[in-house]
Amino acid sequence: MKQLRVRPECDTAQVERGPAFPFTFEGQSISAYPGETIGAALMAAGILTFRTTRRQGRPRGLFCGIGLCFDCLVVVDGIPNQQACLVAVKPDMRVQVQTGTGEDTYGN
Amino acid sequence: METEVAIVGAGPAGLSAAVAASEAGCRVTIVDAYALPGGQYYKQMPGEFHPRRPETLYHDFSQAQQLFAKLDDHARVQVLSGTTVWTVQAASTPGDPVTLYLNTGAGSVGLRAEKVILAPGAYDRVLPFPGWDLPGVMTMGAAQTLVKSQRVLPGLRVVLSGSGPFLLPVAAGLAQAGAQVVAVYEATTPLQWARHAPRVWNHWDKLREGGDYVQLLRKQGVPLQFGRAVIRASGDERVQRVTVARLSADWQPIAGSEEQREVDAVCIGYGFVPSLELSSLLGCTHRYDPVQATFVVQHDADMQSSRAGVFVAGEITGIGGSAVAMPQGTLAGLAVARQLGRLSESAAQRKMAPYRKALRHRQAFAVLLQYLFRLRPGWLSWMTPETLVCRCEEVPFQQIEAAIKDDHARDVKTVKALTRCGMGLCQGRVCGPSVAAITAALTGQDPAQLGALMGRPIVKPITLGALCDTSH
Numbered sequence: 001m002k003q004l005r006v007r008p009e010c011d012t013a014q015v016e017r018g019p020a021f022p023f024t025f026e027g028q029s030i031s032a033y034p035g036e037t038i039g040a041a042l043m044a045a046g047i048l049t050f051r052t053t054r055r056q057g058r059p060r061g062l063f064c065g066i067g068l069c070f071d072c073l074v075v076v077d078g079i080p081n082q083q084a085c086l087v088a089v090k091p092d093m094r095v096q097v098q099t100g101t102g103e104d105t106y107g108n
Numbered sequence: 001m002e003t004e005v006a007i008v009g010a011g012p013a014g015l016s017a018a019v020a021a022s023e024a025g026c027r028v029t030i031v032d033a034y035a036l037p038g039g040q041y042y043k044q045m046p047g048e049f050h051p052r053r054p055e056t057l058y059h060d061f062s063q064a065q066q067l068f069a070k071l072d073d074h075a076r077v078q079v080l081s082g083t084t085v086w087t088v089q090a091a092s093t094p095g096d097p098v099t100l101y102l103n104t105g106a107g108s109v110g111l112r113a114e115k116v117i118l119a120p121g122a123y124d125r126v127l128p129f130p131g132w133d134l135p136g137v138m139t140m141g142a143a144q145t146l147v148k149s150q151r152v153l154p155g156l157r158v159v160l161s162g163s164g165p166f167l168l169p170v171a172a173g174l175a176q177a178g179a180q181v182v183a184v185y186e187a188t189t190p191l192q193w194a195r196h197a198p199r200v201w202n203h204w205d206k207l208r209e210g211g212d213y214v215q216l217l218r219k220q221g222v223p224l225q226f227g228r229a230v231i232r233a234s235g236d237e238r239v240q241r242v243t244v245a246r247l248s249a250d251w252q253p254i255a256g257s258e259e260q261r262e263v264d265a266v267c268i269g270y271g272f273v274p275s276l277e278l279s280s281l282l283g284c285t286h287r288y289d290p291v292q293a294t295f296v297v298q299h300d301a302d303m304q305s306s307r308a309g310v311f312v313a314g315e316i317t318g319i320g321g322s323a324v325a326m327p328q329g330t331l332a333g334l335a336v337a338r339q340l341g342r343l344s345e346s347a348a349q350r351k352m353a354p355y356r357k358a359l360r361h362r363q364a365f366a367v368l369l370q371y372l373f374r375l376r377p378g379w380l381s382w383m384t385p386e387t388l389v390c391r392c393e394e395v396p397f398q399q400i401e402a403a404i405k406d407d408h409a410r411d412v413k414t415v416k417a418l419t420r421c422g423m424g425l426c427q428g429r430v431c432g433p434s435v436a437a438i439t440a441a442l443t444g445q446d447p448a449q450l451g452a453l454m455g456r457p458i459v460k461p462i463t464l465g466a467l468c469d470t471s472h
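Chains as they are written, first to last, in this note's numbering: chain A, 1 to 108; chain B, 1 to 472.
Simulated from the structure, these hints should not be mistaken for lab results. Here the structure is a predicted model, which is why all the values come from computation and not from measurement. Hints are supplied without guarantee of correctness; some may be wrong.
A short, non-exhaustive set of chain B residues, derived as facing chain A with CB atoms under 10 Å [as the list claims (entries may be wrong)]:
hint	residue
1	A33
2	K70
3	H74
4	A75
5	R76
6	Q78
7	D124
8	T139
9	C392
10	G424
From the three backbone atoms N, C-alpha and C, an ideal C-beta is built for every residue, glycine too.
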């Protein structure tokens with residue numbers, strides 16, 4: 001698999017991360033590190049599509065990365081409209097693609 | 001809640017303002033949307049990350065460290081992180097306290113402040129082109145945040161396209177972090193800059209900073225190409241290739257110059273757009289700056305806006321980066337302290353003098369950069385009829401064209417009403433400047449007269465649940 005987390009030999013700041021933990025995206029188990037946002041953890045796993053649009057069902061992912069564009073919305077533990085670029089990923093979190101407004105996923 | 005000085009934004013401007021005001025004896029509350037203070041420029045890594053060499057994180061690490069240290073020292077400064085201002089209530093009598101309504105994530109709470117300093121910063125300007133909505137296409141800021149604070153690459157084969165000095169540190173950061181930077185495309189050319197060369201006299205420090213990045217790119221084998229831009233991105237469900245074209249002086253693609261590049265990430269940034277949501281809502285006077293192609297907040301020499309008691313600092317006064325934002329923040333902080341009676345007129349003037357001088361010097365350079373990297377109108381021709389302009393509401397260019405040509409919309413608000421441009425969750429932050437530029441171009445009017453997609457009573461989306469759960 002593609003190695004998208006910065007490799008130690010390229011990391012000028014030499015960051016030490018805490019122990020990896022699992023969370024799920026669309027039922028698939030994905031590994032993340034403490035402090036990572038949902039968006040970063042998904043990108044690191046090679047996942048770029050976080051939601052599909054209301055009208056045309058087009059795929060969208062991380063765009064502005066700083067909480068302004070609302071393109072990276074995902075469903076987190078049954079709650080839609082969570083900004084993947086801002087929300088920190090937690091152990092055993094259940095993340096799903098948000099379809100449209102996410103109404104159909106509410107509470108599921 | 002109550003405070004003497006409320007500061008919105010914990011970037012270089014807001015932090016500088018907080019330090020100045022609190023050192024003069026004011027009680028300060030900083031409201032910031034992110035988990036940790038620093039803004040975009042001094043964005044901090046999550047607390048769970050432990051960098052063994054933190055000094056490599058910022059170009060001016062010692063300055064950042066000083067700022068954070070001073071903040072920690074002051075018992076009079078309260079930082080509300082992870083908190084957004086979702087609306088404001090302006091004072092009915094000028095100079096009276098202003099109430100900011102905060103979304104803390106656990107409900108809405110009012111913050112009544114004697115004085116307000118707005119330092120909300122700016123965000124990337126992205127020009128629409130076919131395929132810019134594909135996953136894998138993102139702003140320069142997104143890429144930088146991913147790499148710098150999350151230590152994740154946006155892709156393995158990356159191109160950067162845009163204009164302005166920000167391209168260089170982002171490209172250098174990506175290359176250093178192990179991404180293959182296929183190319184950096186700067187839409188302007190050194191030839192266009194050449195006749196302004198005398199104006200860089202005395203700004204060697206800034207030139208050296210740029211030179212350092214260029215050298216780093218050269219060392220990493222990253223091609224830096226001028227007068228070119230990514231004008232199309234394509235791929236199946238995610239970006240797989242881009243079309244790059246040579247541009248004429250006004251950014252029209254030159255026929256026959258197109259070439260394809262295989263990539264898995266594209267970073268776009270044509271400078272920055274100031275965050276004018278709160279200044280609009282508070283009724284501050286704005287002026288249109290044709291060089292920056294955006295409105296900016298007007299202010300006096302003490303950084304006070306047209307509304308008494310509402311001060312501004314940093315990017316919302318015009319894009320100038322941290323070098324401008326910090327002295328502006330300090331001036332705003334000192335001016336607030338004087339208004340609150342914590343500094344005498346003479347003491348305030350004495351403290352302000354060196355910052356005014358630094359500001360004049362740095363602003364001269366910022367204005368030069370704004371001019372050299374200004375948008376050229378040819379970008380409008382990158383769009384096809386189907387290219388989305390408003391990503392949230394999925395409004396294509398042809399629909400805006402129809403609103404103007406067939407339905408005779410003459411200003412931005414009418415275009416919005418007819419097409420739903422800017423009615424989505426981003427509230428026009430992303431498409432607003434493009435919609436204004438398209439409307440100006442198609443109606444042949446001066447953008448200064450068209451208005452902007454600003455001034456919403458609700459500044460940031462908030463859930464009904466959070467609204468109902470108000471704590472007073």
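- Message: Given a cut of 10 Å on the nearest C-beta pair, is the interface hint for B:C392 held or broken against chain A?
- Response: Holds. Min distance 7 Å.
- Message: B:K70 was flagged as interface toward chain A. Is the shortest Cβ-Cβ separation under 10 Å?
- Response: With Cβ-Cβ at 23 Å, over 10 Å, it is violated.
- Restraint check, 10 Å cut-off on beta carbons, for B:D124 near chain A: 7 Å, holds
- Task: May I ask you to test the interface hint for B:R76 with respect to chain A, counting a Cβ-Cβ separation under 10 Å as satisfied?
- Result: Where the cut-off is 10 Å and the nearest Cβ of chain A is about 28 Å from B:R76, the hint is violated.
- Item | Agreement of hint B:T139 with chain A interface, Cβ distance less than 10 Å | 5 Å, holds
- Would the hint on B:G424 stand, with a C-beta cut-off of 10 Å toward chain A? Since the shortest Cβ distance to chain A is 7 Å, the answer is holds.
- Task: Tell me if B:Q78 is really an interface residue toward chain A, meaning its C-beta lies closer than 10 Å to one of theirs.
- Result: 22 Å, violated
- Taking the least C-beta to C-beta distance, is B:A75 closer than 10 Å to chain A? 28 Å, violated
- Message: Let's test the interface hint: is any C-beta of chain A closer than 10 Å to that of B:A33?
- Response: 6 Å, holds
- Taking the closest Cβ pair, is B:H74 under 10 Å from chain A? 26 Å, violated
Consistency note: the structure conflicts with the earlier hints numbered 2, 3, 4, 5 and 6.
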